[in-house]
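S.K.: Listed below are the residues making up each chain.
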Amino acid sequence: MATPTYDLLASTTLATAASSVTFSSIDQSYGDLIIIVNSLGSTTLEARIRLNSDSGSNYNFARMSGNGSSGTSAELASQTSGSLSVIADATTGEAILLKLELQDYTATDKHKSMLARANQSATGSEATALRWASTAAVTAIEILTSTGNWAIGGTFNLYGVAK
Amino acid sequence: MSFMLLGILNSQAAGGGAGAYDLLETTTLATSASSVTFTGLGSYSDYAHLQIRYVARNDYSTYPDWTILQFNSDTGANYKSHYIRGYGSIDAKVSSELRVGLTPGATSTANAFGVGVIDILDFGSTAKNTTTRTLSGLNIFNDPRIWLGGGLWVDTSAVTSITLDQSRASNFLSGSRFSLYGIKGA
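These protein sequence lines are chains V and P, in that order. Mapping of the first sequence onto this note's numbering: residues 984 to 1146, in sequence order. Mapping of the second sequence onto this note's numbering: residues 912 to 1097, in sequence order.
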């Protein structure tokens, strides 16, 4: 029999501007996690992620981007947080739409791999692959900014996908 | 200022009836396997689309290996895929295989796995060739990849089985997981 899945685990809408949003004590009974962010920034900012409050040099990513005229790619290793998107541009008045997929987050024999997709029609589209170089089960996720704040009204939703 | 949500609990995970997006099957490898196949998909006629979410690693000796799809045990030259990849540079490729991504091999960074989300659209149709779309990636030392792709099976048969294989005939390693989901239509 089919198993219902894709359950909303937590949701917040910012009543005050915040530099980060943290989901903690995450339910460990799912296979994958999905986070969807829709928020303006107080300034042009980069969306970043930390898992389990780890600020060590354990984050690696590769990204490709298109802005309407060209495609580019970047990759960086040994970062102190993972880069999810660089297209959040406060000057456009358009909220960034970011979807993050985190596979096998409870596994203790795998580094944690993530896929992120971000869109902002005024600035472009991106796809990013990330790896957190840790085999620890993920119990907390922080979505933070490189500078400035997520704006009032920003929404952050966490879903669990059964396996 | 930071905003923190404490004590997240799941109240919906266990049991209940089927919804619009349902887990159908999961294979987690206890030992290495050359391929993974989901069969009997005709029994999922309640669903319009299928999705596969995978976490995988292989034993190929030198490089990451391409993960490919085959439908209904068709090993003929009936597949095509286009994809764009980012790895510090960006390029676009076409293949006569239905490639959905790369998975790390034997010499890749330890404990690193490739991940992907594959949509198989209108899999029960007998009026259209079958098409897929993929977002996948891996991030290993000196060889990261982010991948966006589209795939085609030039056959109008309803999809009754899906095989995930490796292009270079490597094996998926133990711990690799492949989950199949059904998505309801109208």
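Hints should not be assumed to be uniformly reliable.
DSS-like, lysine-lysine: derived pairs with alpha carbons at most 30 angstroms apart [what the hints assert, rightly or not]: (1) P:991 / V:1082; (2) P:991 / P:1095; (3) P:1039 / P:991; (4) P:1095 / V:1082; (5) P:1004 / V:1082.
Hints were generated in silico from the structure; no laboratory data involved. These numbers come from a predicted model, not from an experiment.
S.K.: Now, for every hint given, state plainly whether the structure supports it.
M.R.: Each hint tested on the structure:
1. P:991 / V:1082: holds, 28 angstroms
2. P:991 / P:1095: Status holds; Cα separation ~26 angstroms.
3. P:1039 / P:991: Within the cut-off at roughly 15 angstroms; holds.
4. P:1095 / V:1082: Since the Cα atoms of residue 1095 of chain P and residue 1082 of chain V sit roughly 21 angstroms apart, the hinted pair holds (cutoff 30 angstroms).
5. P:1004 / V:1082: holds, 25 angstroms
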